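J.: Sequence:
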Amino acid sequence: MNLTPQDLQAAIPKIFAPWIVDLGLEVISVDAEGIQLRLPVGPALVHVGGVMCGQAAMAAADTAMVLAMMAQMGEFRPMTTVQLQTSFLRPVSADHCIVTARVLRSGKSLAFGSIDIANPDGRLAAQSTTTYALL
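First residue of the sequence shown? That's 1 in the working numbering, and the numbers climb one at a time after it.
Simulated from the structure, these hints should not be mistaken for laboratory data. Owing to the predicted nature of the structure, the values given are computational and were not obtained by experimental measurement. Note that the Cβ used here is the ideal one computed from N, Cα and C, for glycine as well. There's no promise every hint is true.
To be verified - Each pair of labels, with its calculated beta carbon distance range:
| # | residue 1 | residue 2 | range |
| --- | --- | --- | --- |
| 1 | A17 | R77 | 15 to 21 Å |
| 2 | P18 | Q83 | 22 to 28 Å |
| 3 | P18 | R38 | 16 to 22 Å |
| 4 | G49 | D121 | 16 to 22 Å |
| 5 | P18 | P78 | 16 to 22 Å |
| 6 | L134 | R90 | 30 to 36 Å |
| 7 | G49 | R77 | 37 to 43 Å |
| 8 | K14 | G49 | 32 to 38 Å |
| 9 | L135 | H47 | 29 to 35 Å |
| 10 | V48 | S106 | 36 to 42 Å |
| 11 | T80 | P18 | 17 to 23 Å |
With the sequences and hints as input, model every part of the structure.
T.: What follows is the structure, encoded as structure tokens:
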């Protein structure tokens, strides 16, 4: 079963906590390579330095990977984050950023992924790697 961007968008409020829903993530595309989301960067996600806070980036990365895994599996399966590591390369100071998630490998009990967060100009701002336990 192929999930569309609309299917994945509709799943967000059904699966994730209300504060994740409040991030306003928008599913832009989904294909065999992964998923791409748009994260609006409003005042609630900006810290005193005037740039998006790292906590928002990590929440977006984690959420994007769950959606990418759903797209690959064709449905939501219960899973939990085992590891999420993020390197922050440059600040996000624009009104949005693009989150691209790819499933690197998915086995019977573990899955591994990579997430890029880029400024609207395409410059990489953060990169995450993840490990999930499939329950």
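J.: For every hint, state whether the structure bears it out.
T.: Verification of the hints:
1. Taking the beta carbon of each, A17 and R77 are about 18 Å apart, inside 15 to 21 Å as hinted.
2. At about 25 Å, the CB distance of P18 to Q83 agrees with the hint of 22 to 28 Å.
3. The given range of 16 to 22 Å is respected by P18 and R38, whose C-beta atoms sit roughly 20 Å from each other.
4. For G49 paired with D121, a C-beta distance near 19 Å keeps the hint of 16 to 22 Å intact.
5. Restraint check, P18 to P78: a C-beta distance of roughly 19 Å satisfies the suggested window 16 to 22 Å.
6. Between L134 and R90 the C-beta distance comes to about 33 Å, which sits within the given range of 30 to 36 Å.
7. At roughly 38 Å, the beta carbons of G49 and R77 sit within the given window of 37 to 43 Å.
8. For the pair K14 and G49, the beta carbons lie near 34 Å from each other, so the given range of 32 to 38 Å is met.
9. Separated by about 34 Å at the C-beta atoms, L135 and H47 satisfy the suggested range of 29 to 35 Å.
10. Checked against the given bound of 36 to 42 Å, the beta carbons of V48 and S106, roughly 39 Å apart, stay inside it.
11. The supplied range of 17 to 23 Å is met by T80 and P18, whose beta-carbon atoms lie about 19 Å from each other.
Checked against the numbered hints listed earlier, the structure breaks none of them; every hint is satisfied.
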